[in-house]
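Participant: Line order of the protein sequences matches chains R and P. Whatever position you read off the first sequence (first residue = 1), add 117 for our numbering. Whatever position you read off the second sequence (first residue = 1), add 1258 for our numbering.
Just so you know, not all the hints are guaranteed correct.
[Claimed, not checked] In silico DSS-like cross-links for lysine-lysine, where the CA-CA straight-line distance does not exceed 30 angstroms:
(1) P:1300 to R:206
(2) P:1404 to R:206
(3) R:231 to P:1397
(4) P:1260 to R:206
(5) R:225 to P:1383
(6) P:1364 to R:182
(7) R:228 to P:1383
(8) P:1383 to R:206
The hints are simulated quantities; they were obtained by calculation from the structure and are not laboratory data.
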Amino acid sequence: MNRKLTITSLAVTLVLSFSGAGIAGPREDQLDKYARAAKASNPAFSGFSAARGNMLHNQAFTGGKSDTPACTSCHGNDTRGAGRNPAGKAIDPMALSASPSRYTDPAKVEKWFKRNCNEVLGRECTPQEKGDWLSFMIGQ
Amino acid sequence: MKIPVRPLALCLLALAFSALVLGRAQAGGSHYFAPVADPMVKDECGSCHLAFAPSMLPASSWRRIMAGLGNHFGDDASLDPAVTTKITEYLVNHAADTGGRRYSDKLLRGVSATNAPLRITELPKWVKEHRKVQDSEWKHKDVRSKANCAACHTDAERGYYED
Chain R
118 MNRKLTITSL AVTLVLSFSG AGIAGPREDQ LDKYARAAKA SNPAFSGFSA
168 ARGNMLHNQA FTGGKSDTPA CTSCHGNDTR GAGRNPAGKA IDPMALSASP
218 SRYTDPAKVE KWFKRNCNEV LGRECTPQEK GDWLSFMIGQ
Chain P
1259 MKIPVRPLAL CLLALAFSAL VLGRAQAGGS HYFAPVADPM VKDECGSCHL
1309 AFAPSMLPAS SWRRIMAGLG NHFGDDASLD PAVTTKITEY LVNHAADTGG
1359 RRYSDKLLRG VSATNAPLRI TELPKWVKEH RKVQDSEWKH KDVRSKANCA
1409 ACHTDAERGY YED
C-alpha cells in the first residue's frame, strides 16, 4: 500500500516536471515578466508577437543616433549571421538557433535593451517591445 | 697553465648579449601590456571593444572614464553601480602608474596624470608608434576604429602589441 503510494507520487512528480509549468527556464521567466508589465500598462495586451518583433528589429528610427538608426545597423540583416559594432568588434548572431546560449541571463538582457534602445530609438523600449523582440529571436 | 682569456671573454660577452635579448623578449620589450585577468572586467569592458590593458592609462584616467559610462565616447555603456565600483577598483589597482607600472614603460612619457587623458590613442607614444598608419587603413571595413587594436595586433587579446 505504502509502496503503491510512493510509486504513484513519483509518477505524478515526473509528469508534472515535464509539463509546461515544469520546463520554464530563464527565457520563459523573462517573457512572463515582460507580459505581466505589458498587461499592467495595457489591459488589452494579448500576448507577444514574433512578427512585430521582426518589424521592430528591421525598422529605421529617427529618435536615436544617426549612425545607428536600426537594430540591424550593428546586428546585420541576417539574424543568424554575425554583426559588427562601430568599434569594429564582431557581434555573435542574435538568433537563438545560431547562438544557443543567448538570453539566459536576465540582467544581461535588460542591460543591452537599455543601452541599445536608447541608442537606436532614443528611448527605453516598452515591455511589449522587449517581449515581441525576444519572441522573434527565440523563434529564429 | 695559461688561461685562455680571449675565448673566455668572448664566451661571456655572447652569454651576456643573449641574456639581454632573451630578457627583453620575455618581457615583450615595451610592446607587452598584461591583459585584463579579472573575468568580470574582461566581460564588461570587452563586450564592445577589446578590454584594454589597465596599464595603458594612469589611475586618474580610469576613475574619470568609469565615472562617465552613461556617455562613454558617445555611447551608453552604463553598468549597475556595484559592478562599476568593482571594475574601477581593478583598473585603478593595475593602472600605468600603480600596479601596471612595469608594463607602461614609455607609454606615459609626456603624459600628466593630473590631466587624466581619456583616450589611449592620444598619448604621445601611441601617436608616434602609429604615425605611419594611413587614413585609408583606419577606415578599412575590418578596422573602422582606432579602438580596434586586434584588427592589426592579432595577439592583442593576450597582451602583445608588436607590429
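Participant: Decide, hint by hint, whether the structure agrees.
Facilitator: Hint-by-hint comparison with the structure:
| no. | hint | result |
| --- | --- | --- |
| 1 | P:1300 to R:206 | holds, 14 angstroms |
| 2 | P:1404 to R:206 | holds, 12 angstroms |
| 3 | R:231 to P:1397 | holds, 29 angstroms |
| 4 | P:1260 to R:206 | violated, 67 angstroms |
| 5 | R:225 to P:1383 | violated, 37 angstroms |
| 6 | P:1364 to R:182 | violated, 37 angstroms |
| 7 | R:228 to P:1383 | violated, 35 angstroms |
| 8 | P:1383 to R:206 | holds, 24 angstroms |
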